[in-house]
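Undergrad: Protein sequence lines, in the order shown, are assigned to chains A and B.
What the first sequence shows, in the numbering used here, is residues 1 to 243, in sequence order.
What the second sequence shows, in the numbering used here, is residues 1001 to 1343, in sequence order.
A few of these clues could be false.
If we take Cβ atoms under 7 Å as the criterion, some of the chain B residues that face chain A in the derived model are [what the hints assert, rightly or not]: (1) Asp1195; (2) Asp1196; (3) Lys1199; (4) Leu1201; (5) Ala1202; (6) Gly1204; (7) Pro1206.
Since the hints were made in silico from the structure, they are not lab data.
Glycine included, each C-beta is placed from N, C-alpha and C at the ideal position.
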Amino acid sequence: MSLLEISNLSKRFGGVVAVDSCSLSVPAGSVTGLIGPNGSGKTTVFNLVTGFLPRDGGDVRFKSRSIADLGPDRIYGLGIGRTFQLARIFPRLTALENMLVPVRRAGLRALLSHGQWGHEKARAMEMLEFMDISRVAGTLGGALSYGQRKLLELAAVMMARPELVLLDEPAGGVNPALLERIAQHIRQLNGQGVTFLLVEHNMNFVMNLCHQVVVLHQGRVIAAGSPAAVRENPAVLDAYLGA
Amino acid sequence: MSRTVGLKALGLAMLGVVALLVPVIAPDPATTNVAVFTMMYIGLATAWNIMGGYTGYISLGHAAFFGFGAYSFGLLLNHLGMAPGYGPFFLVPLAGVFAALLAVGIGWVALRTRAATFVIVTIAFMFMLQLLAENLVKVTGGGAGLSLPYPHDWGGDFFNTPYYYAMLALAVLALVVSWWIRRSKFGLGLLAIRDDEDKALAVGVPTRAFKLTAFMISAALVGMIGAVYGYYVTFIYPQFVIDPLIGISMVLMVFLGGLGTLSGPVLGALLLEPAQLQFAYHFGASRLYLVLYSAIFLVVILLMPRGIVPSVVDLWHRRRSGSAAGPTPPAHGAGNAIKAASP
Chain A
1 MSLLEISNLS
11 KRFGGVVAVD
21 SCSLSVPAGS
31 VTGLIGPNGS
41 GKTTVFNLVT
51 GFLPRDGGDV
61 RFKSRSIADL
71 GPDRIYGLGI
81 GRTFQLARIF
91 PRLTALENML
101 VPVRRAGLRA
111 LLSHGQWGHE
121 KARAMEMLEF
131 MDISRVAGTL
141 GGALSYGQRK
151 LLELAAVMMA
161 RPELVLLDEP
171 AGGVNPALLE
181 RIAQHIRQLN
191 GQGVTFLLVE
201 HNMNFVMNLC
211 HQVVVLHQGR
221 VIAAGSPAAV
231 RENPAVLDAY
241 LGA
Chain B
1001 MSRTVGLKAL
1011 GLAMLGVVAL
1021 LVPVIAPDPA
1031 TTNVAVFTMM
1041 YIGLATAWNI
1051 MGGYTGYISL
1061 GHAAFFGFGA
1071 YSFGLLLNHL
1081 GMAPGYGPFF
1091 LVPLAGVFAA
1101 LLAVGIGWVA
1111 LRTRAATFVI
1121 VTIAFMFMLQ
1131 LLAENLVKVT
1141 GGGAGLSLPY
1151 PHDWGGDFFN
1161 TPYYYAMLAL
1171 AVLALVVSWW
1181 IRRSKFGLGL
1191 LAIRDDEDKA
1201 LAVGVPTRAF
1211 KLTAFMISAA
1221 LVGMIGAVYG
1231 YYVTFIYPQF
1241 VIDPLIGISM
1251 VLMVFLGGLG
1261 TLSGPVLGAL
1271 LLEPAQLQFA
1281 YHFGASRLYL
1291 VLYSAIFLVV
1301 ILLMPRGIVP
1311 SVVDLWHRRR
1321 SGSAAGPTPP
1331 AHGAGNAIKA
1341 ASP
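Excised from the complex, chain A in its bound form (with noise of 0.2 Å):
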């Protein structure tokens, strides 16, 4: 069962089509891949699907809903989490404020809620303990370094219990040790039921991790299927390697 179905998704910024009727479906409790070379508009369907950018046709349901016109903050809400290509903390809050930035709140309720966090602040350092970064709960995340703020990140999208999230090149700029620990988290997180669809330009970690990929070329979706399946598709080499 699909949890993301994408159909026919269409964005133009001026003359340039950044996505051309991209269609993809994300199967419940995977983790899929979606590569292409730079410029393939990958980013831009993170865009899409989580309401960042508004698209120009087609449409994303979520759970069969359908979710094209809300808002990121909707969005979230409803259970998608999405990380970024840079990893995006708030710089003058801790650690741990970071963590409790994502929590639910509604109304009037956020504004009367003086200082009640209980059971949200529990569920924050167990998730910071998870990630192996509960020593720098109390540090500011502008006095964190790269690996850190990007585990930071992967740990605080989790504290809604998104049901599916996107990870916007979860590798880049980490070092093969740390690449592996956020291997790990993805899987162990995957085995507790969440579904991942994450943009990667690291082949070996998306073949590793991925259950399918799905290949973008000029916006379009030129291949999917398994990750050995993707690999040997004449249309993805030619893709990539501009034959």
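With chain A fixed as given, assemble chain B onto it according to the hints.
TA: For chain B alone, kept in the frame of chain A given last:
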């Protein structure tokens, strides 16, 4: 109760007692007049900080809410024909409601912009309101001003006292609201907006609703203070209540004391407003006081660009840890709230 919390509570209690006793200790009108304006700016700077300090949206047009509060209060008072005295103070919350409603209208437009554009849009709205106040002669009295009833019973040394306590009450209200917000989930959402608005959206913070709510709360407090000011001066002119200098002064005080902190705006107002009044008194004829006022601000900005409170706190932490490390970004967040709420 820890020693630090105990000391803080004692310090606050002492400050409270001193604030309450000002008209008793120094009842002469010259001193209480300075006290009224100082308390007014503590309230204004604290209220402005709820929007500008917590969300990072720098509004230079808050004088619009100040003036709108003064005008709404004055018009209400005149239309109701209420006798001067203590009664009109009960109309002050209504002026806050009107200012909040104005903030919904202005915020609906202005909060679609960010950074420098937001600053310019708020200034534009302020001048629009000033022009309206000057030209809607039948409503506002135009350039001739709007006259308010004068409480003749309050003569001599006593005249300033009710206004002082009204300003004190509003300053305390602004501080309590600011403290409450800073320790709430709403407040943490505002601080997240200040740090990275798109990221805040991505993790579910309804940024537009949060910004508008903060803008309304800030405007309501400023509007109420404007109402008491109008009643105090008893004559409302467009260029004196919708005055860019009032809007800029509250911002300068927050920057001087420490943007996004609770005590920074209080300190900024306590330092700047009496100094400004003294300068105006001694050098007012030559307008030299404005140059002196600016010079002090420039010195502080050059030496402590983050404001006094964050700089001093940082210095204190470095002294205690004996670290030679450079300054760290200020933790303006709800860290203390989280500690306080820990099971």
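Undergrad: Work down the list of hints and note, for each, if the structure agrees.
TA: For each hint, the structure was consulted:
{"no.": "1", "hint": "Asp1195", "in the structure": "holds, 4 Å"}
{"no.": "2", "hint": "Asp1196", "in the structure": "holds, 6 Å"}
{"no.": "3", "hint": "Lys1199", "in the structure": "holds, 5 Å"}
{"no.": "4", "hint": "Leu1201", "in the structure": "holds, 4 Å"}
{"no.": "5", "hint": "Ala1202", "in the structure": "holds, 5 Å"}
{"no.": "6", "hint": "Gly1204", "in the structure": "holds, 4 Å"}
{"no.": "7", "hint": "Pro1206", "in the structure": "holds, 5 Å"}
Checked against the numbered hints listed earlier, the structure breaks none of them; every hint is satisfied.
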